[in-house]
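Line order of the protein sequences matches chains A and B. With our numbering applied, the first sequence corresponds to residues 1 to 424, in that order. With our numbering applied, the second sequence corresponds to residues 1 to 345, in that order.
Any given hint could turn out to be false.
[To be verified] As a list, the in silico DSS-like pairs of lysine-lysine whose alpha-carbon atoms are at most 25 Å apart:
#1 B:Lys331 - A:Lys334
#2 B:Lys151 - A:Lys336
#3 A:Lys346 - B:Lys333
#4 B:Lys246 - A:Lys336
#5 B:Lys331 - A:Lys194
#6 A:Lys54 - A:Lys102
#7 A:Lys334 - B:Lys166
#8 A:Lys336 - B:Lys198
#9 B:Lys198 - A:Lys334
#10 B:Lys173 - A:Lys336
#11 B:Lys333 - A:Lys194
#12 B:Lys331 - A:Lys336
#13 A:Lys405 - B:Lys331
#14 A:Lys336 - B:Lys168
#15 B:Lys332 - A:Lys377
#16 B:Lys332 - A:Lys405
#17 A:Lys336 - B:Lys166
#18 A:Lys377 - B:Lys171
#19 B:Lys111 - A:Lys336
[What the hints assert, rightly or not] Here are some chain A residues pointing at chain B (derived, C-beta under 8 Å):
#20 Leu188
#21 Gly191
#22 Leu254
#23 Asn257
#24 His337
#25 Pro370
#26 Tyr373
#27 Tyr374
Derived by calculation from the structure, the hints in this document are not laboratory data. Note that the structure is predicted; figures quoted are calculated from it, not measured. Beta carbons are placed, not taken as given, at the ideal position from N, Cα and C, and that holds for glycine.
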Amino acid sequence: MTGVDVNSYLVKSPNHIFAIYSNGREKLKAAFKFLKDGLLNNEAILLITDELSKEDAITRMEKEYPEFDILNLLEKGVITILSTAQWYFINDSFDGDRTQLKWKKAVEESLLNNFLITNPSKKGKVNGLRAFGDTKSFFNKDRSLRSNEKNTFSFVDKLVEYECSLEKRFPFPLNVICAYEEEDVVQLNNGQLKSLMEHHGVFQKDNIKELVYPLQNSHIILLYENQQELDNAFITYINEGLVQGQLCVFASVLLHNNDYLTNISSKIRNFEENVQNENLILVDMANYYIQAMMDNLQEFDKLKSELMEKVKNDKKREDKHIRLVSDCNEFLLKNKHFEECINLEKWWHQKYFEGSSVCHYSISLINQFPFNYYLFKLFHSDDIVIDSRGNFLFDYVKNSEHQSKLVSYMIKRMDVSNVELKEQ
Amino acid sequence: MSNPTQDPKNYLFGGRKIERYLKLTNSSETVRKDINILVYETDSDIQYLYQQYMNIISPHVSCTIVADIEKLISGNDNSIINKFNYSQKSNFDTIIIDIKVDNFEVIKIAKELLQSISRQKIVFTTTVDLHIIKNEMIRQGLSSSVVILRKPFSFSDLLAVISPTKGKFDKLKLTDHVLASYNSMQEELMDAVDFIKKGIESDELNLFLIRNDMDVKKTVLMLESKGLSNIDSLLDNQSLILIKNKDWYIPDGKVDVPRIMNQWQDLVNQSIQLKKNGLRAFCMMDCFFENGFSTELVDYECNLPSQFQIPVIPVCAYRQIDLDYLAENDKKKLIECHNHMIICE
Numbered sequence: 001m002t003g004v005d006v007n008s009y010l011v012k013s014p015n016h017i018f019a020i021y022s023n024g025r026e027k028l029k030a031a032f033k034f035l036k037d038g039l040l041n042n043e044a045i046l047l048i049t050d051e052l053s054k055e056d057a058i059t060r061m062e063k064e065y066p067e068f069d070i071l072n073l074l075e076k077g078v079i080t081i082l083s084t085a086q087w088y089f090i091n092d093s094f095d096g097d098r099t100q101l102k103w104k105k106a107v108e109e110s111l112l113n114n115f116l117i118t119n120p121s122k123k124g125k126v127n128g129l130r131a132f133g134d135t136k137s138f139f140n141k142d143r144s145l146r147s148n149e150k151n152t153f154s155f156v157d158k159l160v161e162y163e164c165s166l167e168k169r170f171p172f173p174l175n176v177i178c179a180y181e182e183e184d185v186v187q188l189n190n191g192q193l194k195s196l197m198e199h200h201g202v203f204q205k206d207n208i209k210e211l212v213y214p215l216q217n218s219h220i221i222l223l224y225e226n227q228q229e230l231d232n233a234f235i236t237y238i239n240e241g242l243v244q245g246q247l248c249v250f251a252s253v254l255l256h257n258n259d260y261l262t263n264i265s266s267k268i269r270n271f272e273e274n275v276q277n278e279n280l281i282l283v284d285m286a287n288y289y290i291q292a293m294m295d296n297l298q299e300f301d302k303l304k305s306e307l308m309e310k311v312k313n314d315k316k317r318e319d320k321h322i323r324l325v326s327d328c329n330e331f332l333l334k335n336k337h338f339e340e341c342i343n344l345e346k347w348w349h350q351k352y353f354e355g356s357s358v359c360h361y362s363i364s365l366i367n368q369f370p371f372n373y374y375l376f377k378l379f380h381s382d383d384i385v386i387d388s389r390g391n392f393l394f395d396y397v398k399n400s401e402h403q404s405k406l407v408s409y410m411i412k413r414m415d416v417s418n419v420e421l422k423e424q
Numbered sequence: 001m002s003n004p005t006q007d008p009k010n011y012l013f014g015g016r017k018i019e020r021y022l023k024l025t026n027s028s029e030t031v032r033k034d035i036n037i038l039v040y041e042t043d044s045d046i047q048y049l050y051q052q053y054m055n056i057i058s059p060h061v062s063c064t065i066v067a068d069i070e071k072l073i074s075g076n077d078n079s080i081i082n083k084f085n086y087s088q089k090s091n092f093d094t095i096i097i098d099i100k101v102d103n104f105e106v107i108k109i110a111k112e113l114l115q116s117i118s119r120q121k122i123v124f125t126t127t128v129d130l131h132i133i134k135n136e137m138i139r140q141g142l143s144s145s146v147v148i149l150r151k152p153f154s155f156s157d158l159l160a161v162i163s164p165t166k167g168k169f170d171k172l173k174l175t176d177h178v179l180a181s182y183n184s185m186q187e188e189l190m191d192a193v194d195f196i197k198k199g200i201e202s203d204e205l206n207l208f209l210i211r212n213d214m215d216v217k218k219t220v221l222m223l224e225s226k227g228l229s230n231i232d233s234l235l236d237n238q239s240l241i242l243i244k245n246k247d248w249y250i251p252d253g254k255v256d257v258p259r260i261m262n263q264w265q266d267l268v269n270q271s272i273q274l275k276k277n278g279l280r281a282f283c284m285m286d287c288f289f290e291n292g293f294s295t296e297l298v299d300y301e302c303n304l305p306s307q308f309q310i311p312v313i314p315v316c317a318y319r320q321i322d323l324d325y326l327a328e329n330d331k332k333k334l335i336e337c338h339n340h341m342i343i344c345e
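Throw the hints in and build the complete structure from the sequences for me.
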């Protein structure tokens, strides 16, 4: 995530941001970019990290921010560089309440600062604080704890507790990135990760993104509360695909039901035209469903190949991503063909798909007996499990492998958002 | 947004349009397809609708429509479904029977069909109030396991109720680790018999771990009555071994995982020495709960792989109340360490 992108996030989204970086290098690169954009926006900046010394940080700022007099800004308090120990810890212990108060005080001080940033484009008073808080040390400290100490105290547990005492927005002009590295995030348990998601504005700018900009070869499991939510979600998925010039496939066992398709078609953008131009393909899944009940997925293979071939040979179509939404899996599950549904879910991951696919399940169905017994067999560790608004659902993470893959996916997601935001 | 000006069904991929041409399936022409359905329906309009619906799925489904009760009883072959015995197999995966106020006797026929072929899937269709139908079913002693489809029904409603005949153990392989749960002893014993029968057909060594409070002699008689007619010879030639589960799992009052694992390995070796194809075991698991070893049970199960490298297929048969007793995380662990599940409602 680059500073420019985070800036875009900050305009409309919560200002307590949870960011995950693939390594320390990427993290620092993002930190310097994010903070520079703060200076350009007349914000005071605060860098909290142990990954490099204050001197090294100053040297890098001088190199990367040639338009600013770094030493002068440091002296005036517009730039602050602290170690984790200086900000979070006192005598190696951590007090979340105290840290919260420090944030408020830091913002107040920055607002009192009368220094005018020598920014040719935006002259004016400091109008807030932008901070980049590196959490690496919490994980390092836990790693250095002896095993018997770990049982009684964990810096990471305290960090999560502190993070969860903060909300997505601060009641004062503060924009903070809480920076985590991928290798550390995978150490968190599902509950911790879920809590961090809930208390940060992760992907808040566009959290329906999984349906708007699905990644290549991603299999999305959409869990919905009611039919309207479901309809809205897959209509978004299809309509966005049509706008982006992608081939969209609506595969359903319900196409023969009176009114069903009429209702859906009224919500799909230029339905008739898109069907006639073969931008939108309807697939009657009734026979596929029967084949799936008979454990024969050859027809599914054939369908996948046919669709990919079609897109490949379509010289006019620049975007080769195929979007496929299917209700066959849910129909199998609803009718208690459990093993067959599990097999079909596995099938999605067996061969590469030049596009994305969405399968959906009703939350109330999968939470009731006996469906709940099959829940974790149903999901694959490569599945992206979201709700109809595009939020990741960590309650349905299958195991540590699934969690780890989801984190990697989220990092990929950030890269996609960079492209998207730069284009805006 | 625009509305389609034509019938949206005409847009289906691959030119699979709805055919208007309909042909009444002659009962004598029934060809074995993936799924075979028998429909008892007297209303010609509804018969027409069935044919329309069946046309959509005709590559895989064959449908025989009959309008008189005699044909419902005999299907398309007098020798098939009206002879009531335990080895009976139906010609049809799903039998759909229409019930009208004036023909409640079809409930009796359905009951007789289920008595002869207990796993026959039967679906009632009706315009009659469901309470009336259910009360009549209760009055005639028919279980509520019959699905009732309220008229008018859509194509997908019909699609939802048809399915191929599937035995619970048909898809299992001789290396699977199966988790089963039961709400009734009756169903558990029925499954145990079906499972053991398959083992005998496949020339495997069969182990049946019975509850501690079950009498071995009475169990033998019960198995015999449920279809294991040659049980004495099976026991004599060691094709079937009956052991109380407590004696197998916790003979000395503790769950000794390495000892239990060794017992499994020894029995697999024994099956090989007997030139059997492998070991099949139906294991009632209640003894762990009865003796306060639920934590140890989860630990033991997690020590077993979800799929075995040796020729053994255990069905770990739980009472649903015991599974309900487990913490969610333990339940999840149990599910993860089995590669196949049979959950009875």
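List in ascending order the numbers of the hints, as given earlier, that are violated by the structure. 4, 9, 20 and 21
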